[in-house]
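Trainee: With chain A fixed as given, assemble chains B and C onto it according to the hints.
Chains A, B and C, in that order, give the protein sequences.
Per my numbering, residue 43 is the first one in the first sequence, and the count goes up by one each step.
Per my numbering, residue 235 is the first one in the second sequence, and the count goes up by one each step.
Per my numbering, residue 15 is the first one in the third sequence, and the count goes up by one each step.
Keep in mind that the hints were calculated from the coordinates and are not lab data.
Just so you know, not all the hints are guaranteed correct.
Once the Cα atoms are required to be at most 35 Å apart in a straight line, the calculated DSBU-like pairs of lysine-lysine come out as [what the hints assert, rightly or not]:
#1 A:323 <-> C:223
#2 A:220 <-> A:323
#3 A:323 <-> A:211
#4 A:206 <-> A:220
#5 C:223 <-> B:355
#6 C:223 <-> C:290
Selected chain C positions facing chain B (in silico; Cβ < 8 Å) [as the list claims (entries may be wrong)]:
#7 169
#8 173
#9 176
#10 192
#11 193
#12 198
#13 199
#14 205
#15 206
#16 210
#17 212
Glycine is no exception: its CB is placed at the ideal position from the N, C-alpha and C atoms.
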Amino acid sequence: MLKPDIIIAAVANGLLTGAVYALIALGLTLVYGVLHIINFAHGAILTAAMFAVFVCHQVFRIDPYLAVFVLTPLFFGLGYVLQRYVIDPASHGNDSNILLVTLGLSIVIENALLATFRSDTRSIDVPYGFSVLEVGPLLLSVPKVIAFVTSFAVAVLLGLLLVKTDTGKAIRAVAKEKAGSALVGISVEHIYAVTFGIGAACLAIAACLLMPTYLVNPRSGDAFVLVAFTIVVLGGMGSIGGALAGGLIIGIVESLSGLFLGESLGQIGIFLIFILVLLVKPTGFSGARV
Amino acid sequence: MAAPILDVLSVTKTFGGLTAVRAASFDVAEGSITGLIGPNGAGKTTMFAVIAGFETPTEGSVRYRGVDVTGLDVHRRAALGIARTFQIVQPFAGLTVRENIAVGAYLRHRERRRAHEMAAKVAEGVGLSSMLGQSASELTAAGRKRLELARALATEPQLLLLDEVLAGLNPSEIRDMIPVIRVIQQSGVTILMVEHVMQAVMSLCQHIHVLAEGQIIARGTPSAVSRDPRVIEAYLGHGAAKRPHGGESAHA
Amino acid sequence: MKGASWLSIGVVAAMLVALPLLLTSNVALNFITFAGIITLAAQGWNILAGYGGQFSFGHAAFFGTGAYAMALLQVRLGLNPWLALPIAIAIGGVVGFLIGALSFRARLRGSYFALVTLAFAEVLRILTNALSFTGGAAGVLIPLRVGSDNMQFRDARVLCWLVLAFVVGALCLTYAIARSRFGAYLVAVRENEDAARALGVDTFLVKLKAITVSAMLTAAAGCLYAQKSLYLDAGIGFGPWISIDALLAPIVGGIGTVFGPLVGAAALLGLGEVTKTLIASLTGGAAPGVDLIVFGALLILSVAFAPQGLMGLVRVLRPASKGGA
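One chain only, chain A, in its complex shape:
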């Protein structure tokens, strides 16, 4: 029926895309692992970042791979401010409230983008957008390979940050034991905000990696965020390794679903896995704390 070449190509493509999905999921899982909240605004922030890349390219003529150096700190700051001065004060620390506040944020951000950019789909043209790399029998898209490599690099960097730096250790302390960390003088609000900022920064990097080959419209974030949620639940909330593994698996599943079920039904594979994982083992395969 389907030649093995096509399937291998689909798997390879799935891996490449999956790495970026993993990067998107990284921010989400980190925020959950430390703040123990599910950030429903994650998708909206990603959409905003993708539009930011678009604006950088169309208006300021900055290439996405250069824009990343500007947007990453910018979005880190944005994330920091959002968590410290909007989400935390508005929710009074109550779980149901946090759910609603992040939902509210996602509505505001998405519709602000809608009002500014209208609902048209945008894309950018970069000279290397269609370059391919030959690896054996496979033709791999260069931007996607760059995305793959960069995502892994970021994951490794993040891991190092958490283990080697003081801030990283503070983050891990707060994730494990909030009250104790406060007692030894760690500012929990600051760490929460830093973590959220890191999550947003990951999204900025992901946006820069995606834009050369993807399109964006105000609804894009929704699609990505549900994939990200699936990955996080699959890999285990708060587990970086789980997010990476989950991302790759989901990338492959999406690619193969699209191949076998066609465009319109392809997305369903991911949601069904999502529902199944939630119903059967919500702690994911890393068994992390629910």
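Mentor: Chains B and C in isolation, oriented as in the chain A frame:
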């Protein structure tokens, strides 16, 4: 003696690599106030959770009035007549005291008016009549303990499991609570209490079981248990029973 | 629930009935009908989330089921809409029951429950968009044939009254539940599930009943919407817009109260219209999504400053109100 209302038969409970309770057996006589005591980490909470139905034992069984209830859901045990209070009180914070107690009363009375009447009656029994209209979140710590008690009583239980109901109360509050517990027993309810406040255990309980490191190490009347060298060692450490004053009854 | 009574429901019912008599322009009637539909959907959400404490982010699943069932029963099976209506509502209830059975059996709570409801809604949206039975991306069109036997009325006020009748019915149902044993058990589950179990409450069954009733109310809203607009597609039926409206209205109006969804829907939609008109006059053209920005901001502000919603503010202004009973 009549058949015990509760039989715990060789219950073992392990969590992963940790054995919290090991082949523990004891029974509770109907109509009595029985105590379950032991040093911290002895496994009392786990034992309690198994009896109440919040945990299933790895081995062993629990029989209530001769019927095996080991795998039975928590809410079914309540319907059978087993009620419990929580060590860390769990009031329905958004509801009034009356509404809180009514939730318990609804188990035996479907209709709203009857349930609320019952709630008022139970509240009177524990001294909460004046606070029926207040929000549960406005109660003091002692008030919340009484609410815990009232809610459980509203289900008209035959066996009441008290989980450190006196924890966190000051001496005068404890003194006020003891007669309340006695009145409950006099109305025909069997009480099994896990408790650290020794003065209450000694004065209320007719029979005590002692749990240490997951096993029952002694049982008997309060005075017998307090003189038992194994019990003294469990609380005060190895060799304590042999030291001077080691034979006197323990004060909490 | 405090503040409601059969009398106040009667008063509100009378006011609602009077509305289509006082505001007869097509624009006004359209607005009232739409607001009524949103209120009905929101009342469904309120039962599960406000009273039961289970926050669903995917009520579109039930709205869309009701809407599509209503449309397809007429278009594919030739059923009369008056017959299709109760059947479609029942189907909505079944979907709610299934989603609830799966989710609550798996002990999903809080964010996880919200996520799974979101996923179910999306799955239904994708399926509806892809399958030819449901009209695919083109959607479903209910043929125009005016006649009261066909639930398509020459006089727009009639459909408006039908919707409002459902709203009043939902108010009565909510009030009855709130004063019943089921209602007491429901809020107990919301406040503290473990304590409720210890008091003999079968929490699984209670949640299951709640989601079924909730789904039926929201499905009814979907049915009426389908009958009002006579056109449906996957985005309209199962899109996030209705999941959001259904939760926003009760939160703004007063979560867990009888009148909260009604007050909230009126306030939100009224504010939405005002915003749209304002922006249009300021910028000389419609700006899509501006009203939703206001909604999102309102959600955040409500949670931050008025967690009891507008009904809570009313209570604060009435210091002499009795508690309980």
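Trainee: Confirm or reject each hint.
Mentor: Taking the hints in turn, this is what the structure says about them:
1. A:323 <-> C:223: holds (25 Å)
2. A:220 <-> A:323: holds (26 Å)
3. A:323 <-> A:211: Holds - the C-alpha atoms of residue 211 of chain A and residue 323 of chain A are around 29 Å apart, at most 35 Å.
4. A:206 <-> A:220: holds (20 Å)
5. C:223 <-> B:355: holds (30 Å)
6. C:223 <-> C:290: violated (39 Å)
7. 169: violated (42 Å)
8. 173: violated (36 Å)
9. 176: At 32 Å from the nearest chain B Cβ, residue 176 of chain C fails the 8 Å test, so the hint is violated.
10. 192: violated (10 Å)
11. 193: holds (6 Å)
12. 198: holds (5 Å)
13. 199: Holds: closest Cβ of chain B sits about 7 Å from residue 199 of chain C, inside 8 Å.
14. 205: Result: holds, 4 Å to nearest chain B Cβ.
15. 206: This interface hint holds because 5 Å falls under the 8 Å limit.
16. 210: This interface hint holds because 7 Å falls under the 8 Å limit.
17. 212: Interface hint status for residue 212 of chain C: holds (5 Å vs cutoff 8 Å).
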